[in-house]
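Using the sequences provided together with the hints, build the complete structure.
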Amino acid sequence: MAERRGDRRGDPAAEIGAGVLSRVASVVYWFVVIEALLVLTTAPGLVALVFLAGDAGNAPLIGLCFAPVGPALSAAIFAWRVFLNDRDLSPARHFWRGYRLNWLDVLRWWLPALAVLTVIGFSLANLGLAGVPAGYGLVLIVIAVAVLVWSAQALVLSSTLALRTRDTARLASYYLGARPASALGLLSLLVAAGGLVVLTSDWVLALLASPFTLALLRNADPVLRDATERFTA
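In our numbering, the protein residues as written are 562 to 794.
It should be emphasised that the hints constitute simulated quantities derived from the structure, not laboratory data.
Misleading hints may appear alongside valid ones.
[As the list claims (entries may be wrong)] Just the calculated beta-carbon pair ranges, DEER-fashion:
| hint | residue 1 | residue 2 | range |
| --- | --- | --- | --- |
| 1 | Ser-762 | Val-593 | 16 to 22 angstroms |
| 2 | Ala-742 | Arg-654 | 29 to 35 angstroms |
| 3 | Leu-757 | Val-593 | 39 to 45 angstroms |
| 4 | Thr-789 | Val-611 | 36 to 42 angstroms |
| 5 | Leu-688 | Val-611 | 34 to 40 angstroms |
| 6 | Asp-763 | Val-680 | 17 to 23 angstroms |
| 7 | Tyr-590 | Gly-698 | 31 to 37 angstroms |
| 8 | Ser-762 | Val-585 | 27 to 33 angstroms |
| 9 | Asp-787 | Ser-762 | 22 to 28 angstroms |
| 10 | Ala-586 | Gly-698 | 18 to 24 angstroms |
| 11 | Leu-645 | Leu-766 | 40 to 46 angstroms |
The beta carbon of each residue, even a glycine, is placed where N, CA and C say it ideally should be.
Quick look at the structure:
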């Protein structure tokens, strides 16, 4: 295993400038560029969602629309890692580098996770027709939340470390128990995201994806430090 790193070019401090205004402007620039690239790379799925009715029969297609989201979020997390460690004025370059390095590794576990969530969503939508006890729905919701938290953990790990798929799955599961504070932080972020969608719109969440991915990375800092020290060369 190895740590994924952005490429370095020149002196970041000289590129950004020493003044407070220059540094603030560089932060705003990073947020805007990362957000624009997230919207661009997830646009095919987001546009398709607009034309899909929200009935249970469309659950597989709705799940498929979220396939581009995993690699896009991974690229954003990769870029934010550079921002925190060695900031410059090239967020787009780091985003695309992260996308190129991570998209296939992320899809290897992202698509199975989406499949599980799709089946759960379809089952929840048809609970009344199935005639099963109400407690069954609660169990499905708990499983869905667990899959989402695990996926968020796996996303950060596979975005910043060069891991085999089975190692990503194993470490994501391990750190949910070994670093419960990080797991609770992930759960809090997911609850906040869900609340934002309920109170406003899913488009508002899409437009806040840039700070959301940064928050995911910052929350996982203890996990990444431990994984880097123990499992990377």
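Against the structure, the hints:
1. Ser-762 <-> Val-593: 16 to 22 angstroms: holds, 20 angstroms
2. Ala-742 <-> Arg-654: 29 to 35 angstroms: holds, 33 angstroms
3. Leu-757 <-> Val-593: 39 to 45 angstroms: violated, 20 angstroms
4. Thr-789 <-> Val-611: 36 to 42 angstroms: holds, 40 angstroms
5. Leu-688 <-> Val-611: 34 to 40 angstroms: Since the Cβ atoms of Leu-688 and Val-611 sit about 27 angstroms apart, the hinted range of 34 to 40 angstroms is violated.
6. Asp-763 <-> Val-680: 17 to 23 angstroms: holds, 21 angstroms
7. Tyr-590 <-> Gly-698: 31 to 37 angstroms: With Cβ atoms ~45 angstroms apart, the hint is violated.
8. Ser-762 <-> Val-585: 27 to 33 angstroms: Given range 27 to 33 angstroms: holds, Cβ gap about 29 angstroms.
9. Asp-787 <-> Ser-762: 22 to 28 angstroms: Given about 37 angstroms between the Cβ atoms, the range is violated.
10. Ala-586 <-> Gly-698: 18 to 24 angstroms: violated, 49 angstroms
11. Leu-645 <-> Leu-766: 40 to 46 angstroms: violated, 23 angstroms
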